[in-house]
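Student: Sequence:
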Amino acid sequence: MNCTSNGRRASSFRNTVVRSAGSVALALIIVVLVGSLGHLAPLYPDPKGNINDYVGVLTQSDKDSLDALVDSVLKQTGVTFAVAIVSGHGDETLEMYGVRLYEKWGIGQQNEDSGLLVVVSMEGRGLRMEVGYGLEPVITDGRAGECLDKMLPYFRNEEYGKGLYAGLLNAAEYIADDAGIELKIEGQEGYLPFAGDEKHIPLGFSTRTLLQVFAVVFLLAALMIYQLSKKNRCPKCKSKLVVTDKIIQQATFTASGLAVRMYRCPVCGYYNDKTYRTNRTVRPPGSGPSSMGPGPFFGGFGRSSGSGSRKGSFGPRGFGGGRSGGGGASRKW
Numbered sequence: 204m205n206c207t208s209n210g211r212r213a214s215s216f217r218n219t220v221v222r223s224a225g226s227v228a229l230a231l232i233i234v235v236l237v238g239s240l241g242h243l244a245p246l247y248p249d250p251k252g253n254i255n256d257y258v259g260v261l262t263q264s265d266k267d268s269l270d271a272l273v274d275s276v277l278k279q280t281g282v283t284f285a286v287a288i289v290s291g292h293g294d295e296t297l298e299m300y301g302v303r304l305y306e307k308w309g310i311g312q313q314n315e316d317s318g319l320l321v322v323v324s325m326e327g328r329g330l331r332m333e334v335g336y337g338l339e340p341v342i343t344d345g346r347a348g349e350c351l352d353k354m355l356p357y358f359r360n361e362e363y364g365k366g367l368y369a370g371l372l373n374a375a376e377y378i379a380d381d382a383g384i385e386l387k388i389e390g391q392e393g394y395l396p397f398a399g400d401e402k403h404i405p406l407g408f409s410t411r412t413l414l415q416v417f418a419v420v421f422l423l424a425a426l427m428i429y430q431l432s433k434k435n436r437c438p439k440c441k442s443k444l445v446v447t448d449k450i451i452q453q454a455t456f457t458a459s460g461l462a463v464r465m466y467r468c469p470v471c472g473y474y475n476d477k478t479y480r481t482n483r484t485v486r487p488p489g490s491g492p493s494s495m496g497p498g499p500f501f502g503g504f505g506r507s508s509g510s511g512s513r514k515g516s517f518g519p520r521g522f523g524g525g526r527s528g529g530g531g532a533s534r535k536w
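Residue numbers for the sequence shown follow my numbering, so the first one is 204 and each next one is one higher.
Incorrect hints may appear among the rest.
30 Å max Cα-Cα, derived DSSO-like pairs, lysine-lysine [stated by the list, open to error]: (1) Lys266 with Lys535; (2) Lys477 with Lys443; (3) Lys266 with Lys278.
Okay, the calculated beta carbon distance ranges per label pair [unchecked claim]: (4) Gly348 with Val446: 56 to 62 Å; (5) Asn360 with Gly528: 30 to 36 Å; (6) Val446 with Gly383: 23 to 29 Å; (7) Leu423 with Gly518: 43 to 49 Å.
Don't read these hints as lab results, they were simulated from the structure.
As the structure is a computational prediction, the values presented were derived from the model and not from experiment.
The C-beta atom is built at its ideal place from N, Cα and C for all residues, glycine as well.
Can you make the complete structure from the sequences, with help from the hints?
Tutor: Here it is in structure tokens:
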């Protein structure tokens, strides 16, 4: 009787041990599988705005500066900038991750594809600038690499916000130059926030460039003054001419006027009269036959439909189905 009872207890104990071991093994297998799947399958998060820091390395000041740059570029050129700071990109290459994230977000307007995405992968210390189809002629692979190179010194010093600003600003200057405009960054007073004790430098200008510009302006002004002084000299005795203007026919809202400019020399009596047209009179705002505004054929020709104000705006701006074909560049810091 005792032997039978002992045998049953031993068998029950073995079954309990086997079941426990099986449960532990199953749990370990599930953990390994879940971990492997999580590692293999990259996550493509939804955008919260144009500047997306899913890791938490940017300060609020960084975000504000980057948002101001994004909004200014969108309003003035129609190009959409976006940033994604992620912990990693799984077993997928950073380049493929950038393409797929770009197309999931749809950066830029459909059929224009004028967008640019910067992906920062913290685990791999990788940087990727993904360029939309429509922007590739302006931000070539070489220029994209140049923009990333601007970021590297800041990233190595863990100044991620300043690095992103420096690289995106470099891209913005190429875009503005292609559009033939001078980019104005709202709320930034035209300065790039440099690290350390470096002096603030106006956007797009070095000290040497500024000196060259001032020299050219000075020479042009001097030449203009010389030409004007020469023009108002008497061709006979070289004395200074007296110049007066007289209206012959008054301008109206619908027709230009007529006037005469009279040159007189008080020394030798030389004179010369030249007639010229005057501009039409400008109608005051709100007056005239209609005050209903410019109508459907005026206005609305801006390059961008971005928000009117950065403060108080929520969600991504300029995301409308844009695509990328893999153009851009990658770096590691």
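Student: Next, verify each hint and record whether it holds.
Tutor: Status of the hints after comparison with the structure:
1. Lys266 with Lys535: holds (22 Å)
2. Lys477 with Lys443: Given pair Lys477, Lys443 holds - Cα atoms ~17 Å apart, limit 30 Å.
3. Lys266 with Lys278: holds (18 Å)
4. Gly348 with Val446: 56 to 62 Å: holds (59 Å)
5. Asn360 with Gly528: 30 to 36 Å: Roughly 33 Å apart at Cβ, these two residues keep to the hinted range, so it holds.
6. Val446 with Gly383: 23 to 29 Å: Hint violated: Cβ distance 37 Å, outside 23 to 29 Å.
7. Leu423 with Gly518: 43 to 49 Å: holds (47 Å)
The structure does not agree with numbered hint 6 stated previously, though it agrees with all others.
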